[in-house]
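Protein chains in written order, with our numbering: chain A, 1 to 447; chain B, 1 to 258; chain C, 1 to 589.
Since the hints were derived computationally from the structure, they do not count as laboratory data.
One should not assume that every hint holds.
Computed list of lysine to aspartate or glutamate pairs in EDC-like fashion (alpha-carbon distance at most 16 Å, straight line) [stated by the list, open to error]: (1) LYS357/A with ASP262/A; (2) LYS121/C with GLU421/C; (3) LYS171/B with GLU421/C; (4) LYS250/B with ASP400/A; (5) LYS428/C with ASP114/B.
These are the residues of each chain, in order.
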Amino acid sequence: MGRFTRRRIRFLLSIPVLLGAAGIAASQMLPLPAHPVSTPTAADLLAKQFNDSEPNAEQLVRGRYLVAAGDCMSCHVREGGQPLAGGLGLNTPFGVIYTSNITPDPQTGIGAWTADQFYHAMHDGKGAHGEELYPAFPYPWFRRVSREDDDAIFAYLKTVPAVKYSPPKNDLPFPFNFRSMVGAWNMLYLDSHEFQSDPGQSTEWNRGAYLVNGLGHCGACHTPKNALGGDKSKQDLHGGKLDNWVAPDLTSNARVGLGDWDVEDIAEFLASGRNAHAAAGGAMADVITYSTSLMSDADRRAIAVYLKSQPASPGATSPAPDAAAMRRGAEIYSDACSSCHLDNGVGQSRLFPPLGKDAVLQQSDPTGVEHLILGGTNIGVGAARPSPLGMPSFAWKLTDQEIADVSTFIRNSWGNQAAPVSASDVGELRKKLGLQTLRLTDNSGDR
Amino acid sequence: MVSKVNLQRRQLLVGGVAVGVAGAAAATTAVHDGELGAPPRTIRGSVPWQEGAADSPPAVSGSGYVYFTPVEAVFIEAAAARLIPNDEVGPGAVEANVPFFLDRQLAGPFGRGDHYYLGGPWPKGTPQQGYQSRFNPAQLYRAAIAAIDQYVSANLGAGSFARLAAQDQDKFLKQLESGDLKLGGGVDGKAFFAMLLQNTREGYFSDPIYGGNKDMAAWKMIGFPGAHYNYKDWVSRHGERVPFPTVGFKGRPGWTEA
Amino acid sequence: MATNLNPVDAVLVGFGWTGAIMGQQLCDAGLNVVALERGPWRDTATDFAPGFAQDELRYMWRHHLFQNVSDDTLTIRNNVNQEALPMRHLGSFLLGTGVGSGGVHWNGQIWRFLPTDFLTKSHNEKRYGRKAVSGYDMTVQDWGVTYDELEPHYDQFDKLCGTSGKAGNLQGKIQPGGNPFEGPRANEFPTPPMPQTYGPTLFGKAAAELGRHPFPHPTGNMSQAYTNPLGAQLGACTYCGFCEKFGCGNYSKASPQTTIIPYLLRKSNFTLKTECEVLRIELTQDRKRATGVTYVNSAGEEFFQPAEMVILSAYVLHNVRLLLLSGIGKPYDPKTGEGVVGKNYAYQTMSSVNVFFDDKILNPFIGAGALATVIDDFNGDNFDHHGLGFIGGAYIAGMVTGGRPIEMIYTPEGTPKWGLEWKHAAAKNYLRSFSLSIHGSCMSARGNYLDLDPTYRDIHGRPMLRMTFDFSENDHKMSDYLTDRAAEVAKAMNPREIKLNRRTGSWDVTPYQTTHNTGGAIMGDNPKNSVVNKYLQLWDVPNVFSMGSGAFPQNAGYNPTGTVAALAYMSAAAIKSQYLKSPGPLVRA
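All chains should be built: construct the whole structure from the sequences, respecting the hints.
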C-alpha cells in the first residue's frame, strides 16, 4: 500500500522542521487542493486559461474561441481517445474517413506543421505535403476564415497537450481512395472566393454570415447535398440529412424553418440547447455542447440575425393522413408521450418541447422524428443549462406501425402538417440503427 | 454529407481517460447482471448517453410451462383457483393466467433467488427474522408442492391437493397459512403459503408483459388505469372517474385498431 | 494485491444524495475528487423512462433498483439474547445502490426537524423530568447542533430540489396555510405546494374541523417546472403514482440525477467510478489519519485510492460497517454502555389508519411521493406530554403516494387475505379507500445497536453488519397515542368505516416500514458520547467525514433526507472555510 506518495515525500522533505517523528509525519495533512487533475477533458481544453504575460496571450485566447466556434472538438476525438487527437470515423456516402490528430505531436499530429501549411489545409484542403484532403474536413466552409483567424487557431492548437496517436487508414472503395479524385471535386464544387462582407448589411449581419458560412460550417449539414456530396445550388440552408438525422431548414420558412423564431429564440437555442420552441437533440447536441454554447452572446446574436435574413424556402404540400392512423396515433400519444409533452402537445417550456407548429416534426423527411422515437436522444448542454434531459428510446416498446402512427399523428396535430409516415420506413430505419434487438443498460440485470 | 461512425461517441468524449467500455460494448455483447456487477466504468466530462439503450422490462414469451412439471402444474392451477376464484365480478387467478406467470417467474431470476441471500448456516429464526431457508423460491415451490401432495394423500384420503373438494382445499390452505399444518421434507408450509399468495397477487396485478393479468382484466376490475403516466389535468377534479382506458407497457387495443 | 492509483484530494465512498452534494461542494472548491459507487450507472431516460418506470412488480417486489442482498446483507435480531440471522430478502427497509441510490427511489418528502428535536435530552428533561428521557433504557442525547445553525443548509437543499410547499413560519412570523409548528424559515419554499387530490383534501377538512392545523406536505415532486442554482432543470410532476421505490421518468422528482449530476459531471476535477466497492479505509500506523481506501471492482480487480480526505457517503448501515471493519473508533458495548461506534441505532415507528368510503371516488392512482395533507400537532414536543408516559411524536399525513395494486389495496377489518371475499373487497374498495400514515419518532435505547456479526460473511469474506433492534416501550406508547389521534381525523372524514393498523409486537423484518435507519455513527459535542462532531468529522481520524443519518443520536418523527442533506451542506461549509487551509480537527475535543 503506497502510504507515501512521491508528492507527499517531497512535501515533507521541504518542511523538515515538522518532521519530529515518523508518527507525526504520517499524520501530517496537506492544505487542499493538493493533487491537480492531470488529464484534461474536452471541456477543459475549450476553457484553457492562458497567462497574460505570454506574448501572444490574446491570440491564444482568440484561437481557443475559434476552435469552439468551428466545432473542431466534436469530430477530432475518438471513443476513449484524448481530445483533438482524432481517429473518429466519419460515415460519408463514399466510405469511412477518419479524423486527423490535430494535437502538436510532431510525428502523428501537427507539431511539425508551419502556419502556412495549416492555412493551406483550412483554405484549400491540402495536407502538409500538398496532398488533397477529403471534404469530410469542411474546408469548403473553412476557406472563408481569415488568415488572421487561421493563425490564431494554429497557435492555440500548438498549446494543447501533444498526443502520439495515428488515426486508422481511411476505408474508402475505389475510386474514392484516390485523393486526386478530390481535385476534380474541388473544381466542381469549391466556392472560389473568400468571404466578402456585404456593405449593404450591418456589421452584425456580416459577422453572422462569416460564422455561418465559415468556421461554423452550418451548411455542411443544413444544406441539401447532391449525389457527389456537393451543395445543391441555390438551396443554402434548406435542410439536409446526415446519419439518419434531419438537419432542419434554417431559412425563414414558418412551417419547417425558423420563421416563427425571433433572434432571441435562436440565440438562446445556441447557448443552451433549448428554448421555448425546441430542444437540440441528435447530431445537433454536440454542436451546442462543444461549439455554440461556448460562443459569445454577440456572436450567437449575429448568427441569429444572419439566419433570420434568409429568404424562406418554398412551401410544400403533403397528402392528408389516414383517419385511422390519426386515431391510433392519438391513443398512443396519450399513453406514451404525454408524460413529458403533456396532453395536447403543450410540452414544458425549455424542458420538453411543445409539439405544435414544430419545424423538426414538419420536415418533409420524417427520418428525424422516427429516429428520435426509436433511439431517443440527449440534448445539447451549456454551462448555465447542464441538464441533458434525455428523450428515451421507444424501440423496445412501440412497433414500427405504432411509431408510424404516432409520428403521423404528431406531424398532423396542433397546427402541424406533414406527410404521413409508413411502418416500412420506420422498420428500415430501425434496421439501420441496429435497434431490432434490445440495447440494455448497466442496470439491466434481471433478464 | 458527413456523419459520425459512432453516435455514442459523446459519452466517450471525456478527455484523456479511457471510458465507456460498457457503452460501446453493450450494443453488441451481453451485459453482466447490473445488480451484481456490470462492467466497471469510469465516467468523466459529461453525462453518458447510448442511443437506443433502455433498461426495458424482461418480458416473457412462449406458452405452456417450462418450470412446472405436469404434476406441479395441476397443484398450482388448483391452488390459484382457490386463492383468487373466478366469478362475474372479475377474473380468477387461473383466468388471469397467473399459473403461467408463476412458471416464468420461477424459471427466471426470481426463482433462482437472485435477490435472496441463501448462505449458511441455516438455523430456524424467530417469526420476526423473516424468510430463513436454504431453498431459493423455485426449490421451495418444488419441495412444498411435493410435500403437500404427500401430506394430502397420507392424511386426507385424496390422491393430491387438486383432488380435494373446493371447501377442503380452502380448509387445507387456511391451515397452511396459519402454520398449524406441518409438512415433511424440511418445508416451512407457512413460508410457502405466504410466498404463493404474494406471487399470485403479483401475477394477478402486474403488467401483462410478465404473463399474468390477462387482458388487464384484474386492473379493469378494480379501476386501475395501468401504465398511464400523466394525470396532471385530473388532480383537482375530485370524485370524477378518469377517462383513460387501461393500458399496459405494450399498449392496449386502441393502439392497433384498424 | 491492490494496484496503487494516483492520489486525489478527496474520495467519496458511495454516490447517492450526500456523495453528490459533497462532490459538488468540494469540486467547486477546486478539489480533485473521485467518487466510488458500488452499483451501476443509471440515468432517467435509459433506466427509468416513463415507458417502463411504472412497473410495480419489477421495482417494488423484485427490487430492481435496490441493493441485491444475495452477496451481501446484514444479520438481524430483536435483542442480544437472540442469535442474529441474515436478512435473506429485503422487506422492512429497501437499501439503495447505484448512482443516485436511495435518492432515485425515494418519495421526495423533504422535512426539517423541529428545533426541539435537536435537544431531545435537555429539552424533554427540563420539561418532563429526568425519567422522561432515561426511562425504558432510553439513551437519547442532544445533537450538538441547533436548528438555527442548520437552517441555512436546509435552505440550500430546498433550493437545490426546488421543494414545493408553503412556509408556516417565516422568520418567526406564523404564516397561514403552512406548518405553524415548524422552526423559522429564512425563505419561502422555492415552488408553491402541489394541488391536492380528493383524499388529502377530505383529510385536511376533517383535521381543521377538529382544530388541527393541516398543511401541504413539503415535497421534492415538483408542483411546477424549476431551475436550481446549478442550472439543473426539473419538470412539473404528472402524478403517475410511482415515486416511492421507483425512479422518476419525467425529471419531476428531485434526485442526484435531476439536481446535481449533470452539473458535476462537467467538471474535470470530478471522476465517477461505478461498480467499485470500498472494502476498508486505510490508516497510518498511528491510526490518526486515513491514507485512502481500498476497493474492488466488479471485475475483481483491487485498487488502493490514496486520498487526503475520505468522505463516507454511503448509506448509514454501510458507513457504520466500514468504520467497524476499518477499526476506527471504539465499538459500542450494550452491556457496559461504553464505546460509540454502532451506538444508538434507531428507526422509524410507523402505523396507519385506512378509511373506506361508499360514495366517493378517490382515484388513488393519481399520486406522488409526497402528495399529502399533513398535521404536525402531535409531533416532537408540539403537544404536552405530561402524563402520557412517552416522549416524541409523529406527523399524521393523509397521503396518496399512488395506487399500486399489488401493494396498496386496502380491505376492511376482518377481510380474509384471499378467496372470493378478498377479491370482492378489493374490487369494491380500491377506488374508494385511503390511508393515513403516522410517521413516528424512534428514541434510541441501550439495547439497540450495530456491530459486526460473528458468523456470517459477505462475498469478500468480511463480517456482515449485525443489527440488534426492537421498538422501545416509549415508542409503542407514542405510536398508540398517535394512531388514536389519526383515527379521530379518520372518523371526522365521515367514512363508511375505518381500520387501524397499529404498531404491535417486536420489529419484524418482512413488511415494509421505512428505509429510515439512523444512528451508529452519531454526532455530539465530545468524543465520549459520539463518533463525529457537528461537522460530521470523525473525532478519532479527522480527515474522515461520515455523512448521513448515522449521525442522528435518535430519530425524529420526520423523513430524514432533509436533515441528512442539511448536515452534509454544513459539513461542506466547514471544510471549505476552515479545513482546506489547515486540515485538522474542526472542533477541539
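Consistency of the hints with the structure:
1. A threshold of 16 Å between alpha carbons decides the hint, and for LYS357/A with ASP262/A the separation of about 15 Å falls inside it, so the pair holds.
2. For the hint pairing LYS121/C with GLU421/C, the CA-to-CA distance comes to about 50 Å; that exceeds 16 Å, so the pair is violated.
3. For a cut-off of 16 Å, the pair hint linking LYS171/B to GLU421/C stands: about 15 Å separates their Cα positions.
4. About 13 Å separates the Cα atoms of LYS250/B and ASP400/A, which keeps this hinted pair within 16 Å; it holds.
5. With a C-alpha separation of about 36 Å, the suggested pairing of LYS428/C with ASP114/B is violated against the 16 Å cut-off.
Going down the numbered hints, you'll see the structure goes against 2 and 5, while the others check out.
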